[in-house]
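Hey, can you work out the whole structure from these sequences and the hints?
Protein chains: 2
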Amino acid sequence: MSKKYVYMFTEGDGTMKELLGGKGANLSEMIHLGLPIPPGFVVSTEACTVYNKGGKVLPGEIKSQVDKAIAELEGVTGKKFGDTANPLLVSVRSGSRASMPGMMDTVLNLGLNDEATVGLANATGNPKFAYDSYRRFIMMFSDVVIGVSKHSFERAFDEFKEKKGAKTDLDLSADDLKEVVNIFKKIYKDDQGKDFPSDAKEQLYESIGAVFRSWDNPRAFDYRRRQNIPYEWGTAVNVQSMVFGNMGDTSGTGVLFTRNVSTGEKAIFGEYMINAQGEDVVAGVRTPSPFAELEKDMPKIYKEIVEVCDKLERHYKDVQDIEITFENEKLYILQTRNGLRTGAAALKIAVDLVDEGLITPKEAVMKVDPMHLDQLLHPMFDTAALKAAKVIGKALPASPGAACGKVYFSADDVKAACAKGEKCILVRLETSPEDIEGMASSEGVLTVRGGMTSHAAVVARGMGICCVSGCEEVKINEEAKTFELDGKTFKEGDYISLNGSTGEIFGEAIKTVESEISGDFAKFMAWADEFRILKVRTNADTPKDAAKAIEFGAEGIGLTRTEHMFFEEDRIIHLRSMILAETVEEREKALEKLIPYQESDFAGIYEAMQERPVTIRLLDPPLHEFMPHSEDEYAALSKLMDKPVSVIKDKANSLHEVNPMMGHRGCRLSVTYPEITRMQTKAIIQAAIKVKKAHGYNVVPEIMIPLTVDIKEFAFVKEVVETTAKAVIEASGVALDYLIGTMIEIPRACITSDAVAKEAEFFSFGTNDLTQMTYGISRDDAGKILTDYIENNIFEADPFARLDRTGVGELMKMSVAKGKATRPDIKLGICGEHGGDPYSIEFCHMLGLDYVSCSPFRVPIARLAAAQAAVTHNK
Amino acid sequence: MSKKYVYMFTEGDGTMKELLGGKGANLSEMIHLGLPIPPGFVVSTEACTVYNKGGKVLPGEIKSQVDKAIAELEGVTGKKFGDTANPLLVSVRSGSRASMPGMMDTVLNLGLNDEATVGLANATGNPKFAYDSYRRFIMMFSDVVIGVSKHSFERAFDEFKEKKGAKTDLDLSADDLKEVVNIFKKIYKDDQGKDFPSDAKEQLYESIGAVFRSWDNPRAFDYRRRQNIPYEWGTAVNVQSMVFGNMGDTSGTGVLFTRNVSTGEKAIFGEYMINAQGEDVVAGVRTPSPFAELEKDMPKIYKEIVEVCDKLERHYKDVQDIEITFENEKLYILQTRNGLRTGAAALKIAVDLVDEGLITPKEAVMKVDPMHLDQLLHPMFDTAALKAAKVIGKALPASPGAACGKVYFSADDVKAACAKGEKCILVRLETSPEDIEGMASSEGVLTVRGGMTSHAAVVARGMGICCVSGCEEVKINEEAKTFELDGKTFKEGDYISLNGSTGEIFGEAIKTVESEISGDFAKFMAWADEFRILKVRTNADTPKDAAKAIEFGAEGIGLTRTEHMFFEEDRIIHLRSMILAETVEEREKALEKLIPYQESDFAGIYEAMQERPVTIRLLDPPLHEFMPHSEDEYAALSKLMDKPVSVIKDKANSLHEVNPMMGHRGCRLSVTYPEITRMQTKAIIQAAIKVKKAHGYNVVPEIMIPLTVDIKEFAFVKEVVETTAKAVIEASGVALDYLIGTMIEIPRACITSDAVAKEAEFFSFGTNDLTQMTYGISRDDAGKILTDYIENNIFEADPFARLDRTGVGELMKMSVAKGKATRPDIKLGICGEHGGDPYSIEFCHMLGLDYVSCSPFRVPIARLAAAQAAVTHNK
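Protein sequences appear in the order of chains A and B. Residue numbers for the first sequence follow the numbering used here, beginning at 986 and rising by one. Residue numbers for the second sequence follow the numbering used here, beginning at 986 and rising by one.
Careful: at least some of the hints might be erroneous.
As the list claims (entries may be wrong) - In silico DSBU-like cross-links for lysine-lysine, where the CA-CA straight-line distance does not exceed 35 Å:
(1) K1803(A) - K1805(B)
(2) K1038(B) - K1803(A)
(3) K1405(B) - K1408(A)
(4) K1743(B) - K988(A)
(5) K1048(A) - K1135(B)
(6) K1408(B) - K1533(B)
(7) K1135(B) - K1038(B)
(8) K1798(B) - K1697(A)
(9) K1186(B) - K1065(B)
(10) K1636(A) - K1476(B)
(11) K1574(A) - K1400(B)
(12) K1798(B) - K1812(A)
(13) K1634(A) - K1678(A)
(14) K1038(A) - K1812(B)
(15) K1041(A) - K1697(B)
(16) K1628(A) - K1711(B)
(17) K989(B) - K1628(A)
(18) K989(B) - K1743(A)
(19) K1769(B) - K1578(A)
(20) K1743(A) - K1803(B)
(21) K1508(B) - K1296(B)
(22) K1574(B) - K1667(A)
(23) K1146(B) - K1065(B)
(24) K1803(A) - K1065(B)
(25) K1041(B) - K1743(A)
(26) K1634(A) - K1466(B)
(27) K1636(A) - K1251(B)
(28) K1533(B) - K1711(A)
(29) K1578(B) - K1769(A)
(30) K1769(A) - K1476(B)
(31) K1769(A) - K1711(B)
(32) K1574(B) - K1405(A)
(33) K1697(B) - K1805(A)
(34) K1038(A) - K1711(B)
(35) K1805(B) - K1697(A)
(36) K1812(B) - K1636(A)
To be verified - Which bits of chain B does chain A cover? Going by a derived footprint, with three or more residues having C-beta under 8 Å, they are:
(37) 1075-1081
(38) 1691-1701
(39) 1730-1740
(40) 1771-1783
Calculated from the structure, these hints are not laboratory results. Every value quoted in this text rests on a predicted model; they were computed, and no experiment measured them. By construction, the Cβ of each residue, glycine as well, lies at the ideal position given by its N, Cα and C atoms.
Written out as structure tokens, the structure reads:
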């Protein structure tokens, strides 16, 4: 018997997402719930793999299973595929395991040809509807399946409407639409050199193949990469008998969320459009009506929908994103899935669902994407600045938050400007999947067309970027790269500001400030803290950062970079004179000047952290980074050091390295200049003693030696630190504990961790450097390489943003195992950028680290990610 | 019972080197052979560890064992330690497991004080001898044990001789020497603030401690580092009853080799000095007589020595380096050890010993240090240039080979000049252990004093550098940094040339050429080839290099760097225009121009190698390396590319990277510019087909993709190579096999070798880059770091010269295991610098690699090292 590739909806259920995709599984599930679902079937994700690996040909055995399913549909509906009297029409939709807004290839009304259209007109008594359906089908099929640009069709349709004096498609008559059909068929023939296919089966096979191929398109690759979805999952195809929202004034279509996915408010939220098909709402061709209005227009349908929403939410225990169609006042559910939501909404919904008794706190913790918390912590407009600003337009508040940036008119321009460090606002007529990368790079998006469920709105909410949509007053001139609003012309590069929570548009830059956090946040984070095992520390170089991080829930400092403290003007000159010293004596003299600064910095941090652990890293960067940039600075240094500028410049130049990242830095500086380490140790210990004396805090500094490659090297530096620390402690007469540990950021340190752990009391993975060395890719130079590699599907993600578990992770695993073998209670943490990335945090949990450390604003994200990792792996 | 730390010579034997050191074990062994050895005992290497780890104090239990051994010596000799009538005198010498020419701390005549000296004078009836011994002892003990500079003593002695009108020490009377003793004691007291120690036991304990401490001195560290001797081995101390070569004209001392260690000739070779102690010969204070003269002077002793030499050689099956003393015509052997020898001598001796039936070919293979073969392959003077050159001096041919370089007068100056890339000759009055590093950096050494067994001669032969010693006509002015010879003054930086095989000195630079190889060489290398398992390939970029390597026994090419071919003037401009192209079309046009060059290069190499395997690496370096350096070059490029210079310069500057070593290079170039890879593949395959057609050779190119980090990346580039290769082969109509493999030079490639081996048909370890990434140390910037690390005893060796088995080696091991797990027959090689280093080659053998690849001149070294590894590990 051949393998089963085709499943009727009635054969499936909600657990079969891997095989049927999310859409197919949910349609099957809803049938079992007794909801009104138009009958249909699914061609499985396994068929996708067969198709794409088999030279993109649909094998005979799949075709025949499809034929059998169509026959079954014909039996259920009493219609016949390609029939001239009562034709069966179907929709063809993709549906993969995970939601894929990047893949929008849908074909409606499939099964129409000249004869069947006549049959449809007769069967429904509605020739206008029949030809409207046919012209839609020709355009969709040509565009989506065959790849004839839809712009040719749209242009021809617009010209035709203009010729006929029609404002919208609704103003056209049946004959007009028949004429449009002929125009569309001619466009197809001119482009393809052959007639539009009239055989329904051929249309169907082609469409199924096209869905499978769409899994291979660059947009899909781009989305999967962002979402970490493996190529191997494949997509299923849903073939469903058509119901028609475009059958007249008692028909319509809508897209709904069971709660407000912007704010989390418990109220059905969405839009509908009378006499339209679903694509019209999503594409934003007419402006739809808010769902609430349906209660007045069609109270029966409205009530049915409310009941369906309640049923689905109780069943799925989450907010649902539902597509509906009503055909002559009969309601159909075409799709349901968990609704994408903003961070604020996600948090409120999770907390509400617990309060409503639908889910447990543990389930709630799993319902919020940690990255979404970022939105809650993002800046909002400064109140005073906002008061002074003038609103020049208002449209839909499509994705909340405040954004301010320079105007750009294409995704590419945004990406280019963003690469230069500019903050950008993308302004578009409407967005499409090609714009995804540009949107991701922008601060916010402003669109002329489209509603709250338009592409721009859905994607922006998913990404957590601000969006104002459907501002039709905006007149864009794409060629000139300008737009007009409120009588003013804005050029590329001009500043505007957007409030995605109110829909307001400002023709100027407005200062932004940090946002405030709701009560739900604390409640939710307390749940997260209950489940997580990983501690969360922060990377902080100042008392201010430290205080901020504590506010966000940080439990200690995982990394204080001592070098950042040196860049203030009154210090850098002493640091420079230290670096450029020619003798140990000169160097020590300059170091002596730096001690008070370092000591007071450390004391401030200890005070802010009270008794929380504080890890301080010894000087790390290559010394060349501190050299003067201007002649004035050289002159000042020359005066201080009492040496000619030329001598100082020569010495500064001699510090230049070919590959500074692999040069004289980290603990290598301590080996060459132990006096620097002595100075820093003195400051670290003296400050701790001072704070202990002043406040009684039991400060236990964790002194971290960077860039270790060998146990003997570590022991050498440790000896310098220990001797100094002991002397300072002895002289003070105050007892003080401290730890000496190391960054693990060089492959060799991982490989020899058993040896290193003999001396090191803690390890902190410096995964920035470790990733650089493991890949042999310099972060400073990675841009071009990573772009090429991600575009060519060689790397799934930027390994500097998302920890590479296969390579870097394997080294970490080795290091953890070897380190623990020598010192079972060794303290393990991570302080690279990855410490704030949920995917990486999950891996740290799996490795059994004690803590992650990240920037203050990432602390809540890390807390939640750590909780989710614990729930996922310690079930 | 307490541990045994002291062994009488009669208690030991030759197998106990670890415990007794080489010297002690050999003395014990010689006693069992019935040779005349002055009685004595050894304080073991274990005592050294106890001493150095125990705060450098000699524990009571060791002291009492020493006391017991002294009592035993007193019994055997009938003398008494510190006795005023017939005092027992001893020598104290270090003796570690391996020969340590860097440690020369020897004390003779220990046990003397004012009273004992009178006793010695009475017992021998020779007061001159007694006071000579006493003054020697005071100086040696003060210098070696206590650390009073010996120069004060030497200066005082020279002044005293001048005052007395004495030409040498022999011209002084007993009373004179007694006066010298008093002067020396005063120097000691002035320096130390107390009297010279008169208690014999105290002298002995102090001396034993001093030997142990000398294991900790920087010279010893330096030597151990070079020779890869672990610190933990420690040194033993040999305490031996004195015999006296300075007892008059029937006494003497000598240093002998059982064969000529310069040439390998079978004839006793060495020097002796009448009425002298051993130190006099080694230090070169008087010029000794060649051993052959002893036959006339003292035929009985001569005959005895010849017999001893024969006996020792037969026993040890190797050339012996023997120290003798004869006291009133009675011969004593004070030491024997395997003799250091030149490469040429090592080879000849090994072959001769086989011919004489003393050893097997397998044993012979183990007797030659692979690095010594380097000497045989070193350049000699160009015959024509030599004819034209004028000999300006002649002295002892202390270490063979030809050297030409600039004159420097101190080891530090040599090191500094050498660091700048200069070739240097070190010119010294005499050398001492402090000069070792400077000698190692120089091309050759010229000394004024000392014989064939002087420090300079012994060390230079060991290092394989050219040395001419004992040229007393040379007048050095150290302050002015000049020397005079043959009426001419040479300043620092002037060129001279040395012939270490003839002893000739030339006051000019003489061109050098490659040396010729003796018949013994082929015979010996054939033995090596018989035992080795590793294949030896070469790194060669030109047909000329390839031919040279075959001459040296290379079995294939492990690395052809395609980029080196581009630097010729007529090519580089096309390469540049390719790199600076703005479109794929421009780039392909430029690449088209390069194909004929690449193709003819490859064809030449294939022809030279015939059917031997040839591995060709695709373009590897960052493109910035190829950019123009001069305005002329930019102008030419501007003309060729028909673009303004400014545009070209901008583009060239944009290629600059912060860390080019971790930048856009290797197969990353192939991902961005697959057209480069297509061009190179075309050239590789077309050339192979051409040579196959022309000569019928079955050429099987091995195409090597550099810098792989991920299987998908490798597969991407492989696809480009394969598609191109298939097309070229198909078009040619000639069948051609080829392999596609990768460099393994990035840690991630090692970690993911199981995946990479799915696609790669061979791995070649690029240990230069792998070492860089594993350590996070850039080779370009390593100088300062490595110097500091080696000086601080953190690194034992430069990991770029000697493979780091612990870190880099562990990654290689992982890669081999994972690669073989996926593809059991995967071909494995190494093509980094380490491929020519014996210690690293041994590791490659242990890993089970198929081949090593090294520069042509290193091929014989690699062949021998591979054979030794096989013999050592496959016993």
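| request: Tell me, in ascending order, the numbers of any earlier hints that this structure violates. | output: 3, 5, 13, 16, 17, 22, 24, 27, 28, 30, 36, 37
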